[in-house]
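If you read the protein sequences in the order shown, they are chains A and B. Under my numbering, the first residue of the first sequence carries the number 1, and numbering increases by one thereafter. Under my numbering, the first residue of the second sequence carries the number 1, and numbering increases by one thereafter.
It should be emphasised that the hints constitute simulated quantities derived from the structure, not laboratory data. A couple of the hints might just be wrong.
The list treats identical chains as one, so a pair stands whether inside a single copy or across any two.
Simulated pairs of lysine-lysine, DSSO-like, Cα-Cα distance not exceeding 27 angstroms [stated by the list, open to error]:
#1 K128 to K291
#2 K125 to K291
#3 K136 to K291
#4 K145 to K47
#5 K145 to K296
#6 K119 to K44
#7 K119 to K92
#8 K128 to K92
2 protein chains.
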Amino acid sequence: MTASTTAVRLAAAALALLATSAQAAPAKAARELPPRPTVADVLKASKPADWRPLDPENTLYMDLPTGRVIIELAPNFAPNTAANIRALVREKYFDNLFIIRSQEGFVVQWGDPDEENPKPFQAAKTVKAEFTAPIKSVGNFTRLKDGDVYAPQVGHVNGFPAARDPATGQAWLVHCPTMIGVARDTGADTGNGSQLYTVIGHAPRALDRNITVVGRVVVGMPLLSVQPRGTGALGFYDYEQPEQRTPIKLVRMAADVPEAERNKFEVMRTDSATYQAVVDAQRHRGGPWNKVSPGKIDLCGATIPVREQK
Amino acid sequence: MTASTTAVRLAAAALALLATSAQAAPAKAARELPPRPTVADVLKASKPADWRPLDPENTLYMDLPTGRVIIELAPNFAPNTAANIRALVREKYFDNLFIIRSQEGFVVQWGDPDEENPKPFQAAKTVKAEFTAPIKSVGNFTRLKDGDVYAPQVGHVNGFPAARDPATGQAWLVHCPTMIGVARDTGADTGNGSQLYTVIGHAPRALDRNITVVGRVVVGMPLLSVQPRGTGALGFYDYEQPEQRTPIKLVRMAADVPEAERNKFEVMRTDSATYQAVVDAQRHRGGPWNKVSPGKIDLCGATIPVREQK
Numbered sequence: 001m002t003a004s005t006t007a008v009r010l011a012a013a014a015l016a017l018l019a020t021s022a023q024a025a026p027a028k029a030a031r032e033l034p035p036r037p038t039v040a041d042v043l044k045a046s047k048p049a050d051w052r053p054l055d056p057e058n059t060l061y062m063d064l065p066t067g068r069v070i071i072e073l074a075p076n077f078a079p080n081t082a083a084n085i086r087a088l089v090r091e092k093y094f095d096n097l098f099i100i101r102s103q104e105g106f107v108v109q110w111g112d113p114d115e116e117n118p119k120p121f122q123a124a125k126t127v128k129a130e131f132t133a134p135i136k137s138v139g140n141f142t143r144l145k146d147g148d149v150y151a152p153q154v155g156h157v158n159g160f161p162a163a164r165d166p167a168t169g170q171a172w173l174v175h176c177p178t179m180i181g182v183a184r185d186t187g188a189d190t191g192n193g194s195q196l197y198t199v200i201g202h203a204p205r206a207l208d209r210n211i212t213v214v215g216r217v218v219v220g221m222p223l224l225s226v227q228p229r230g231t232g233a234l235g236f237y238d239y240e241q242p243e244q245r246t247p248i249k250l251v252r253m254a255a256d257v258p259e260a261e262r263n264k265f266e267v268m269r270t271d272s273a274t275y276q277a278v279v280d281a282q283r284h285r286g287g288p289w290n291k292v293s294p295g296k297i298d299l300c301g302a303t304i305p306v307r308e309q310k
Numbered sequence: 001m002t003a004s005t006t007a008v009r010l011a012a013a014a015l016a017l018l019a020t021s022a023q024a025a026p027a028k029a030a031r032e033l034p035p036r037p038t039v040a041d042v043l044k045a046s047k048p049a050d051w052r053p054l055d056p057e058n059t060l061y062m063d064l065p066t067g068r069v070i071i072e073l074a075p076n077f078a079p080n081t082a083a084n085i086r087a088l089v090r091e092k093y094f095d096n097l098f099i100i101r102s103q104e105g106f107v108v109q110w111g112d113p114d115e116e117n118p119k120p121f122q123a124a125k126t127v128k129a130e131f132t133a134p135i136k137s138v139g140n141f142t143r144l145k146d147g148d149v150y151a152p153q154v155g156h157v158n159g160f161p162a163a164r165d166p167a168t169g170q171a172w173l174v175h176c177p178t179m180i181g182v183a184r185d186t187g188a189d190t191g192n193g194s195q196l197y198t199v200i201g202h203a204p205r206a207l208d209r210n211i212t213v214v215g216r217v218v219v220g221m222p223l224l225s226v227q228p229r230g231t232g233a234l235g236f237y238d239y240e241q242p243e244q245r246t247p248i249k250l251v252r253m254a255a256d257v258p259e260a261e262r263n264k265f266e267v268m269r270t271d272s273a274t275y276q277a278v279v280d281a282q283r284h285r286g287g288p289w290n291k292v293s294p295g296k297i298d299l300c301g302a303t304i305p306v307r308e309q310k
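Chain A with its partners taken away, still in its complex shape:
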């Protein structure tokens, strides 16, 4: 096998697995799927108005030794929790704390590992639960009409995966991978944002409406998801083995960083026609690699595109 044919083979296999091949198919037997636009095609054709920048007042930079994680808060769903996290960041609470938990297929969590002498902070110690929010206060809800096992309606609000129930008038953020939740004690109102986690595995939907979900990791997810799994119960690191823990160098609000030093990322507007085309490209897939197209997309399977501004 020559280098070039093997390269093609590998590239084809790779594209194949992503199942978004944009190759034009020559005329084929009738049973082959016709080619269709891929997500990459849709992004390439997108217009500046299809994107919004991250709001510096809702954007956190969390610097690990391996690089920067960028987090976007969702204050429409959790205004008080978002405000408390801003306060914690601004008093530099997270600086020099740690990743404290990494549980396979579930979550990576960060905060203070020290049970004996917890790091003090001025921000609120407890924030009233914000597990759901009134539908009318969360913003434009763009439905995904493919169905859902857990919620009556699912879709996107301002770049976040969400669900809602017209019967109760409530909406909530959904525990898809990259979403950030607020660890809490048994009482509903015991969370405060000083311990946060992000979902690294298949969406643990039973947590929906049981925890305040406050945002998502927009950039740098791989820095969190590859943290070695903790050897303690539930993936917590052993307190007696501090070398297991990755330190957090610092966390800053983007708004507090000089504008010239900020990262410039944009999120696709999920209420745009272009985002509908992104979803359609994942729902209806073309040949020649795909032999069947799913015809459906589940909420957490729908990509929410992020790009760096030029």
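Following the hints, put chain B in place on chain A, whose structure we already have.
The following block gives chain B in isolation, referenced to the frame of chain A:
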């Protein structure tokens, strides 16, 4: 906060996040959920007959520098591919090959990274696609009646997550995390099992019925899922940077290892009443930590218990 109360707080938060707390709740306000059996409770009460050992002829040991990954093949769904993988293992094809790809939220893949001089093998170069199999040949299908976005019916067959369509008479393994698929080229029949991948993120269901799924990782998933993400397209490692790749020391069939040296793991029988109780414990969750119970479980959210034999 004293050490003991903080320990309780952390333990409670941890349990909370797992949402399987078994603590007995004292009498509480009416709106609290009553306590219910957790998955741990069900496992504790399980009987030996609720479990089956791994079949040595369908069990692979893949040894990485960090430990052993144990894989179970599903020959009822992919008999020819399983046979070819056995042949590859028995000619020691995988020994000294590599993890070649790690793509965030998607898959980790292994095989031969060398495009110039691929490692030769005697096993079949191509195996006819086994994307689906007749319902009547795959074994006892235990339905999960909570619904699914993609398939008419989902459930479990012999410890594997599966779907079926009575209209076509076909069943197939589903791309839940830990499931193992056969990388292929554009042609449906171009896979052979020499490049395999496992799902590390939210279930990529669009791959269902587009790829031969041949088994799952039963033990050692964390050794694969934390592989540093590849810097090349689609998470492939850069061929010019071999230090990025984790080597595979060897892969052996359990049947070819002296019995005394085999790992003794058991998988819960998914057609048992006890497995229904496991599913129910995840579907209906009790207080005091849970404030709402999902009432549903999605296929890839349903744990398939594995334990080491005493």
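Copy assignment of K119 with K44, given that the CA separation must stay at most 27 angstroms: For K119 and K44, the Cα distance exceeds 27 angstroms both inside one copy (47 angstroms) and across copies (38 angstroms).
Within, between, both or neither: K128, K92 at alpha-carbon 27 angstroms: within (22 angstroms within a copy, 59 angstroms between copies)
Intra/inter-copy verdict for K136 and K291 if alpha-carbon distance must be at most 27 angstroms: between (42 angstroms within a copy, 23 angstroms between copies)
Alpha-carbon proximity context of K119 and K92, limit 27 angstroms: within (11 angstroms within a copy, 53 angstroms between copies)
Intra- versus inter-copy proximity for K47 and K145 (alpha-carbon distance at most 27 angstroms): Within one copy, since 25 angstroms is at most 27 angstroms while 43 angstroms is not.
Status of K291 relative to K128 across identical chains (alpha carbons, at most 27 angstroms): between (50 angstroms within a copy, 14 angstroms between copies)
Intra/inter-copy verdict for K145 and K296 if alpha-carbon distance must be at most 27 angstroms: The answer is both: 9 angstroms in one copy and 19 angstroms across copies each meet 27 angstroms.
Within, between, both or neither: K125, K291 at alpha-carbon 27 angstroms: between (54 angstroms within a copy, 21 angstroms between copies)
The structure fails hint 6 only (numbered hints given earlier).
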